[in-house]
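Undergrad: Please build the complete structure, drawing on both the sequences and the hints.
With the numbering used here, the residue at position 145 of the sequence shown is 145, and numbering never jumps.
If you're looking for bench data, these hints aren't it; they were derived computationally from the structure.
Accuracy of the hints is not assured; some may be wrong.
For lysine-lysine, the following BS3-like pairs were computed, each having C-alpha atoms within a straight-line distance of at most 27 Å [to be verified]:
no. : residue 1 : residue 2
1   : Lys-60    : Lys-129
2   : Lys-60    : Lys-172
3   : Lys-15    : Lys-129
Okay, the calculated beta carbon distance ranges per label pair [unchecked claim]:
no. : residue 1 : residue 2 : range
4   : Gly-178   : Lys-15    : 40 to 46 Å
5   : Ser-22    : Asn-173   : 31 to 37 Å
6   : Ala-135   : Arg-74    : 30 to 36 Å
7   : Asn-173   : Gly-137   : 38 to 44 Å
8   : Leu-77    : Asp-21    : 22 to 28 Å
9   : Gly-98    : Cys-34    : 22 to 28 Å
Virtual Cβ for every residue (Gly too), placed ideally from N, Cα, C.
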Amino acid sequence: MFMPGEVPHKMKISKLLRIEDSRMWHQYERSCACLSEARTQEDEPADIIRTPFSGTLQPKPLTWRVAPEELRNRLRLECNEAYLWHGTDRKSAESIIGHHFDMKRAGSVNAKALGRGAYFAETSCLADKYAPLGADGLHSILLVRAALGRVYVETRYTKWRGGRLKRMVSAKNVVKEGKYDSVLGDRKYAFNTDAREYCVSNTSQLYPEYMLLYSREDDPAALPGQPVS
Numbered sequence: 001m002f003m004p005g006e007v008p009h010k011m012k013i014s015k016l017l018r019i020e021d022s023r024m025w026h027q028y029e030r031s032c033a034c035l036s037e038a039r040t041q042e043d044e045p046a047d048i049i050r051t052p053f054s055g056t057l058q059p060k061p062l063t064w065r066v067a068p069e070e071l072r073n074r075l076r077l078e079c080n081e082a083y084l085w086h087g088t089d090r091k092s093a094e095s096i097i098g099h100h101f102d103m104k105r106a107g108s109v110n111a112k113a114l115g116r117g118a119y120f121a122e123t124s125c126l127a128d129k130y131a132p133l134g135a136d137g138l139h140s141i142l143l144v145r146a147a148l149g150r151v152y153v154e155t156r157y158t159k160w161r162g163g164r165l166k167r168m169v170s171a172k173n174v175v176k177e178g179k180y181d182s183v184l185g186d187r188k189y190a191f192n193t194d195a196r197e198y199c200v201s202n203t204s205q206l207y208p209e210y211m212l213l214y215s216r217e218d219d220p221a222a223l224p225g226q227p228v229s
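TA: See the structure below:
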């Protein structure tokens, strides 16, 4: 649950763009094939991901679970492919769909809890928090295909060390070790909310497929100080 002003009651889509970039797509296809080959021997149910150490089961992204069957059938289970949301400003969104994610800058503005990489949400509400208002009165959000591969799950997020807040995991370092391909941050444990976010440090595992331009419509029935579910 969020307070009014943090999350809109509704999002009204003004424009939907489908991105077709053969260079980015072929790069993404090769990445999917490599991940599929590397992970096919792993015996895990298709609809869950496993937390290392504790063995706790984590469900697939909400976008995968609520998507219509036709859309879900496009996704490749063998590389743990999913649609995820990425909220950002218009200039950055246009740069991403034109030139791809810049991992040198990814996560440098709004998100560092999981280390350097591109951050994604399983809910549009969470992604919307990172989508500032544009000059035309619209916000921008991307719907991205992500080949997650084997997912490292972090529930601790940060800890205090010497009076400073220190992150508990570096997505880039986790992937370098070779056992995992992406990182999931479970906010339920850290911030008492069900929203989860993913961090991917390899550009080739991502394909920005849609850009949505939208306006926020707050619930007129909501009273000040009343939470909106």
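Undergrad: State the violated hints by number, sorted upward, taking the hints as numbered earlier in the document.
TA: none
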